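Visitor: Sequence:
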Amino acid sequence: MKQYSIKFIGRNAYISDSEGNSTPILSIDFKSILAHKPNGTTLDTDPSLPIVVTTQKENIKIHPKDTLFFSLDKNDK
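Numbering-wise, the sequence shown is residues 1 to 77 according to my numbering.
Just so you know, these hints were derived from the structure itself, not from any lab. Just so it is clear, the structure is predicted and the values come from calculations on it, not from any experiment. Built from N, CA and C at the ideal position, the CB exists for glycine as well. Be a bit skeptical, because a hint or two may be false.
Said to hold, decoys possible - As a list, the in silico BS3-like pairs of lysine-lysine whose alpha-carbon atoms are at most 25 Å apart:
| no. | residue 1 | residue 2 |
| --- | --- | --- |
| 1 | 2 | 57 |
| 2 | 65 | 2 |
| 3 | 7 | 65 |
| 4 | 7 | 61 |
| 5 | 57 | 7 |
What the hints assert, rightly or not - Taking CB as the label site, the calculated pair distances span:
| no. | residue 1 | residue 2 | range |
| --- | --- | --- | --- |
| 6 | 57 | 3 | 12 to 22 Å |
| 7 | 21 | 63 | 25 to 35 Å |
| 8 | 10 | 48 | 29 to 39 Å |
| 9 | 65 | 10 | 26 to 36 Å |
| 10 | 54 | 9 | 17 to 27 Å |
| 11 | 14 | 63 | 12 to 22 Å |
Throw the hints in and build the complete structure from the sequences for me.
Guide: Laid out in structure tokens, this is it:
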């Protein structure tokens, strides 16, 4: 099991791992969207499939057994 944290700062987003390594996010792909369902709602996802976060260095697959935290920079306007 891995731990990740995604932080949104203004229009940018960064992903960090449990060791403190951080990198900018280029895209987040919810591969779990089910076929033949309306897109864009959490009700249409298959939770057994990973979320794929694309960075400049690699594609990070976040599996259901992993832990994912989200945070916002409260000082950003």
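Visitor: Please go over all the hints and tell whether each is borne out by the structure.
Guide: Each hint, compared with the structure:
no.	hint	result
1	2 to 57	holds, 18 Å
2	65 to 2	holds, 8 Å
3	7 to 65	holds, 20 Å
4	7 to 61	holds, 17 Å
5	57 to 7	holds, 17 Å
6	57 to 3: 12 to 22 Å	holds, 18 Å
7	21 to 63: 25 to 35 Å	violated, 18 Å
8	10 to 48: 29 to 39 Å	holds, 33 Å
9	65 to 10: 26 to 36 Å	holds, 31 Å
10	54 to 9: 17 to 27 Å	holds, 18 Å
11	14 to 63: 12 to 22 Å	holds, 20 Å
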